[in-house]
Amino acid sequence: TIEAYQEAIANAWDNAVEVENVEKIGLGIVSEYGKGSKEAEEDKGAAVQFNSTFAVVALDKEDKIVKTLVDVAQNTVAFTKEGGLETDVNKPGTTKKELGSEYGMKDASEIGKEWDEQIVVLEDWTIGKTKEDISSLELDENQVAKDADLKAGITVSLTGYQEAILKAIENVK
Numbered sequence: 034t035i036e037a038y039q040e041a042i043a044n045a046w047d048n049a050v051e052v053e054n055v056e057k058i059g060l061g062i063v064s065e066y067g068k069g070s071k072e073a074e075e076d077k078g079a080a081v082q083f084n085s086t087f088a089v090v091a092l093d094k095e096d097k098i099v100k101t102l103v104d105v106a107q108n109t110v111a112f113t114k115e116g117g118l119e120t121d122v123n124k125p126g127t128t129k130k131e132l133g134s135e136y137g138m139k140d141a142s143e144i145g146k147e148w149d150e151q152i153v154v155l156e157d158w159t160i161g162k163t164k165e166d167i168s169s170l171e172l173d174e175n176q177v178a179k180d181a182d183l184k185a186g187i188t189v190s191l192t193g194y195q196e197a198i199l200k201a202i203e204n205v206k
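First residue of the sequence shown: 34, per the numbering used here; consecutive thereafter.
Treat the hints as calculated values from the structure; they're not laboratory data.
No residue lacks a Cβ here, since even glycine has one placed at the ideal position from N, Cα and C.
Possibly wrong hints are sitting among the right ones.
[Said to hold, decoys possible] Here are the in silico distance ranges between beta carbons for each label pair:
hint: 1; residue 1: E51; residue 2: S134; range: 43 to 49 Å
hint: 2; residue 1: F83; residue 2: K139; range: 20 to 26 Å
hint: 3; residue 1: E143; residue 2: K206; range: 37 to 43 Å
hint: 4; residue 1: D93; residue 2: D173; range: 26 to 32 Å
hint: 5; residue 1: E75; residue 2: S134; range: 34 to 40 Å
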């Protein structure tokens, strides 16, 4: 069936943004098991969290970024203690941007900002940057930016986002 594809295209259309001076665009995806994965316990089954980080970049004729969009699909599949599925895998997943304030990071954030508010800081920082600028972004031992402007607005580990942005640049068409 094509319903899921139709929904994805409609969603893309509804969320399109106008960007000037775009010569080419690229998409990068980085997937990994999430930190929320848990081994089975006596009274509970295991749970596996999957994180897929998506980055879209638009480049100008000088290969400088004119727009970056980043999002993460973070979903968990839980199992019963007998090994059967507990999660309804037919239910659509969501992304951190779609969740917005429901993601629940604001209270745990040192700067009092939700994930979707913080990722905009990274997206905006990339404007005017090149692949070399992105790859040379220095991170501390916690994978947080050393750059003062970035550090003031985004407190999460940037490794996966940096990797997805670089893949998007490599995939530019």
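Between E75 and S134, does the beta-carbon spacing fit 34 to 40 Å?
Roughly 35 Å apart at Cβ, these two residues keep to the hinted range, so it holds.
Within 26 to 32 Å or not, the Cβ separation of D93 and D173?
Distance hint for D93, D173 holds at roughly 31 Å.
E143 versus K206 beta-carbon gap, inside 37 to 43 Å or not
Because 39 Å falls inside the window, the suggested range holds.
If you check the beta carbons of F83 and K139, does the distance land in 20 to 26 Å?
For K139 against F83, whose Cβ atoms are near 24 Å apart, the range 20 to 26 Å holds.
Could one say that the CB atoms of E51 and S134 fall in the range 43 to 49 Å?
violated (26 Å)
Hint compliance for this structure: hint 1 alone is broken.
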